[in-house]
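K.L.:
Based on the provided sequences and hints, a complete structural model is requested.
Number of protein chains: 2
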Amino acid sequence: MVVEIEIICVGNELLIGKTLNTNAHWLAKRVTSLGAAVRRVTVVSDEIDEVASVVREALKRKPRFIITTGGLGPTFDDKTLAGIAKGLRRKFAVNENALKMVKKKYEIFLKEGKIEKVELTPSRVKMATFPEGTKALRNHVGTAPGMLASVGETSLIALPGVPPEMEAIFEESVTSMIKKEAGKCVFFEKSIYVDGLMESNLAPLIDQAMHNNSGVYIKSHVYGESRLRAEGQGPHIELHFSTTAEHRTVAKKQLDRAIGQLSLLVQKSGGRIRSAA
Amino acid sequence: MVVEIEIICVGNELLIGKTLNTNAHWLAKRVTSLGAAVRRVTVVSDEIDEVASVVREALKRKPRFIITTGGLGPTFDDKTLAGIAKGLRRKFAVNENALKMVKKKYEIFLKEGKIEKVELTPSRVKMATFPEGTKALRNHVGTAPGMLASVGETSLIALPGVPPEMEAIFEESVTSMIKKEAGKCVFFEKSIYVDGLMESNLAPLIDQAMHNNSGVYIKSHVYGESRLRAEGQGPHIELHFSTTAEHRTVAKKQLDRAIGQLSLLVQKSGGRIRSAA
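Protein chains in written order, with the working numbering: chain Y, -6 to 270; chain D, -6 to 270.
Hints listed in this document are in silico derivations from the structure and should not be mistaken for laboratory results. C-beta atoms are modelled at their ideal positions from N, C-alpha and C, and glycine is treated no differently. Treat the hints with care, since some could be wrong.
Covered stretches of chain D (in silico footprint by chain Y; criterion: 3 or more residues with CB under 8 Å from a CB of chain Y, positions within the stretch not fixed) [to be verified]:
{"hint": "1", "segment": "-4 to 9"}
{"hint": "2", "segment": "19 to 25"}
{"hint": "3", "segment": "115 to 124"}
{"hint": "4", "segment": "194 to 205"}
{"hint": "5", "segment": "209 to 215"}
{"hint": "6", "segment": "249 to 262"}
P.N.:
This is the structure:
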């Protein structure tokens, strides 16, 4: 069974187009490579009610994991954990373990002479204020800990928005959880590039190859200046083959078979296979 | 009143982390610059039921506009319009105006000697198969037309996933619709950069400046290797000020006032303003 994951990104900077959502891209790639499947990505603003709504909506779809990014820091606009608490209808209070993690960071700063004393100001305690009954995840790159909540069959994980912190907590605490669920499933992909055929001419050939190779997904991507150019001159069409299987060798064999069949169909129709990646 | 917009991006390539979602970024930036506000971005797979669900969910929130990207092409996996038809419970049939647009493209290819005759194959007719009661939007860059549907108070717009085509239809047909609704509203933003203070020390200063400058939103962004570095050495904190106002001069004055006040607070706390953008 496919391990389904939803990603929720919290941050006004994403909704005003200030920041490109590289976190969603990184997570999607990583989750896929672990053999699980991202079913949905949702981006919402830094508002408690928005976060609460989107968390509740995602939980209703019962994915195995929900991963949020952003909104764990010390400033007023970091509202993800308050939003999750509201969404889960849980109390929002200081998590002792998270507070220890935060305190430890400032003790390191003290040793390094970066601060004069360890003060747990309200802004710093804020980073350790969690929905009740959740677990803190160590952030060895930054200050704000991540969070793990179990809600029915779903593990809800909150990661920071600063990319190296998000990635570090994911690798340290989340990768193993997903891998355990996904088992031996592997995602396999391979691309070939086609010249001399329009996408609309490729369409029925793709249908045929898909029909003969169940389990393999084939998607065409038009590059270059435009689809018009590709339709007219055909220089920029990628055919992307992918599959998820329990064994590496099975997956590879399935893809190679589909690629071989579609390549033949393309050549019979006057197209050229430009290169294989 | 704020003109609210939701963006829905359709495409497995986004969910497997193959493609970075630059379309959502471009649209969010453009929509914000027109004085409207993106409330949510949702990414879903190339499945009719997924598209139907996400469209229905978005319509329930009654945004003024919903803009979808992707899934308008000739191949089997281009299912956005079928999904919208299902979501709106409308028939899915050939749109005569869209078919004329598609036909015209192939007549151009014929003239250019790229094809030998104009054949409206099923894959090509597919690009002109629309939910009933909707309008085709001209695509002067590519082949597949965009779509406009009116659903209650919401205008639902479907754009292609190929970036130059998406941008071209947006500029030709959508910009004026949004501008008309947003009226004279303008979005204004300005950043300053802070050295020598931790984000957790900045937090209460930001609170104070926000309190004294209603309508101005101030968000801190930590750059560099990590928040830890920024917490420890403070070299990479951006303070981003933004507001939406009816007049350019009013917006500018509001931002300058907030920047002046927060700069003073930062300096009083021992921080340095590194540069102003």
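K.L.:
Return the numbers of the hints above that this structure violates; sort them in rising order.
P.N.:
Number 6 - this is the single hint that the structure violates.
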